[in-house]
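J.: Going down the list, the protein sequences come from chains Y and G.
The opening position of the first sequence corresponds to residue 58 in our numbering, with each subsequent residue numbered one higher.
The opening position of the second sequence corresponds to residue 171 in our numbering, with each subsequent residue numbered one higher.
Treat the hints as calculated values from the structure; they're not laboratory data.
Fair warning: there could be bad hints in the mix.
Interface residues of chain G toward chain Y, partial, derived using beta-carbon atoms under 7 Å [to be verified]:
1) 269
2) 290
3) 291
4) 355
5) 376
6) 386
7) 469
8) 473
Glycine included, each C-beta is placed from N, C-alpha and C at the ideal position.
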Amino acid sequence: MKIEILGGRVIDPACDADAVANVYVAAGRIAAIGDAPAGWSASRTIDARGLVVCPGLVDLAARLREPGFEHKATLESELDAACAGGVTSLACPPDTDPPLDEPGLVEMLTHRARLQNRVRVHPVGALTQRLEGAEITEMNELAEAGCVAFSQADRPVTDTQVLLRAMQYAATFGFAVWLRAQDAWLGRGGVAHEGEIATRLGLAGVPAIAESIALSTLIALARETGVRLHVCRISAAESVALIRDAKRSGLAITCDVAIHHVHLCDIDIGWFDPLARFAPPLRGTRDRDALRQGLRDGTIDAIASDHTPVDDDAKQLPFAESEAGATALELLLPLTLKWATEAGIALPQALARITSRAGDVLGVANAGRIVAGAPGDLCIFDPQAHWRVERSALKSQGKNTPFLGLEMPAKVRWTLVGGQAVYEA
Amino acid sequence: MRNPQLDAQGGLTHLLTLEGLPAAVITQILDTAVPFVSIGEREVKKVPLLRGKAVFNLFFENSTRTRTTFEIAAKRLSADVINLNIGASSTSKGETVLDTIDNLTAMDADIFVVRHSESGAPHLIAAHLNATGRRHVHVVNAGDGRHQHPTQGLLDLFTIRHYKRDFRNLSVAIVGDVLHSRVARSLIQGLATVGTPDIRVVAPKTLVPAEVGSLGVRVFNDMRAGIGGCDVVVMLRLQSERMRGALLPSVGEYFKHYGLTPEKLALAKPDAIVMHPGPMNRGVEIDSAVADGDRSVILPQVTFGIAVRMAVMSIIAGSQGSRA
């Protein structure tokens with residue numbers, strides 16, 4: 058299949074390229090940008106005039122719910138959602154049931170994903186067995202099975218000796234560890250940001266220092282062990298400052314923020330809206346401002362969807378009992394562009410957070426790039442179109458998002474993975 | 171989202187929280203309760219305001235006392251009362267809260283009196299009823315987690331108004347476990363709404379919620395300073411399980427610093443009243459000499475509680491007339 062994409066605004070965020078050009082895709086790869094290769098004849102032409110042609114999105118955290126939670130979502134439904142959202146590579150956290158702590162489970166997942174032949178699914182292996190934070194996993198075996206990094210998902214390692222050893226072992230083989238910063242004790246039982254709103258609503262709080270204390274520990278251990286540390290889903294202003302200082306001191310760490318935390322804060326809990334329940338919790342307006350500043354100045358490398366499809370039965374419960382998280386694969390692009398517009402960020406810089414910079418964290422060559430020779434993973438969207446988030450409009454099996462009913466910018470028209478159109482609208 | 175406890179005309183259709191309730195609505199409830207107090211003194215303790223209505227006491231968390239006062243209040247209004255201890259039935263069989271509600275509405279419930287261990291559960295139920303076109307069914311929050319206990323807050327306001335006449339010159343000290351107290355949250359917001367100028371919270375730092383000052387209170391860690399010159403001292407119940415964590419070291423040390431004794435009460439105004447939502451822990455938060463003393467209005471609170479709950483149920487169930 059040879060596809061030519063004509064007249065689109067081609068953006069390659071990695072090199073800040075932004076110009077109207079033609080893109081030629083053949084044999085699964087980008088054959089040329091600009092002039093057609095010699096002897097070119099397309100089997101398909103996409104008219105991209107007025108559209109943006111950018112690298113397929115790279116999402117650092119999307120729960121596909123398999124294995125174990127097929128009643129919440131399946132690989133089929135969530136890869137549909139990814140395609141519709143322009144996401145062509147995604148990393149899935151190990152908090153499945155059972156967790157991704159054995160090569161067999163990872164092989165099954167990657168095999169099932171490959172049969173789907175759509176989105177590139179990169180499992181993140183469990184750092185410790187059963188995610189219990191006690192014994193480390195067979196990281197080499199897991200990496201051979203396809204794991205791109207090792208993580209605890211939302212379950213912190215409480216024993217700092219285990220954490221040190223796990224980082225040392227990962228560093229031995231050059232594996233990256235992706236960890237959330239969460240003190241297991243300070244946030245115990247908490248369901249909302251500790252502050253005015255949680256006090257008013259009588260909700261148990263998770264203080265911001267539960268994140269910054271744990272983050273200080275992670276940074277110190279990364280410095281000590283030399284492991285490649287990626288900090289996941291920071292939520293508080295103090296964390297942004299800690300990451301900024303660590304980067305300035307020359308430590309090679311990266312971090313991401315969940316898209317919800319860029320837009321929402323604890324006030325959005327309103328009258329106990331379970332759709333506004335997240336882990337980490339939505340924090341105060343000052344924290345949200347600091348996260349936006351961190352994105353602007355590059356302290357925060359990437360924006361993740363933190364996609365978590367949850368069934369209605371697990372959501373429609375009293376706030377503290379409802380399951381945290383939101384479906385977000387289809388909202389990652391619109392919400393990132395919404396942030397860019399509000400913050401006055403140029404399109405290439407905004408897209409970098411969900412393409413090239415995220416691809417760098419993922420560590421997969423050319424993920425999130427448009428260059429000749431790179432895989433033909435593309436997202437083609439209409440930046441002028443608007444759509445309303447409705448349950449029926451979402452391909453994800455999870456309909457749980459606090460953005461239901463809201464107007465979103467940008468509509469994905471085509472998604473290409475490996476030079477094949479996997480989504481058209 | 172619109173305040174879920176008000177109907178399209180701004181009338182009270184559910185009672186979920188005192189937060190954001192207009193002062194006029196609070197006054198309406200207190201005024202309505204006044205004549206109900208004397209009904210309890212009559213030989214026939216009944217009025218027909220809720221005749222033919224079904225009140226379901228839905229207690230996901232046990233509380234004999236609160237359930238009983240709601241039951242008496244509903245019966246004095248001539249309603250049919252059905253008591254359900256859900257803690258021991260449905261949810262343990264895997265039924266969700268909203269499934270329970272749907273089943274009971276199918277049995278033609280008019281009012282749900284809901285007690286739940288999680289903050290926000292009554293809001294969830296009210297929002298579900300509103301969203302499914304069952305606005306003729308009303309929810310009264312009988313205590314949710316640490317969030318609110320609005321009828322307790324209203325009966326506290328009723329008691330204060332009964333003895334002090336006016337809120338606009340009062341100093342009210344709320345003493346004890348504010349962190350875990352739904353009674354404190356309701357009372358603080360109720361007092362603020364009716365214009366109380368000086369609301370104080372007195373507790374060790376471990377029992378003061380984060381940024382509680384945003385509710386309009388002054389925080390005192392020293393009890394003598396905190397109740398000094400007060401018109402009203404409200405003592406909160408201290409749950410025994412608070413002693414097991416790192417919040418407090420012992421009953422003895424707590425009582426010494428935060429227990430209300432005659433000697434500490436002497437620092438309040440000479441005519442200060444002492445209140446407690448019950449059940450009391452004598453010798454933990456309050457000395458018997460104070461609890462049984464002439465400044466204590468703890469038992470009148472219980473009596474007023476029935477009248478206030480009658481007022482609430484008659485107002486919400488009457489606010490939209492019949493379901494026709």
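J.: Checking each numbered hint in turn, tell me which of them this model violates, lowest number first.
T.: 1, 5, 6, 7 and 8
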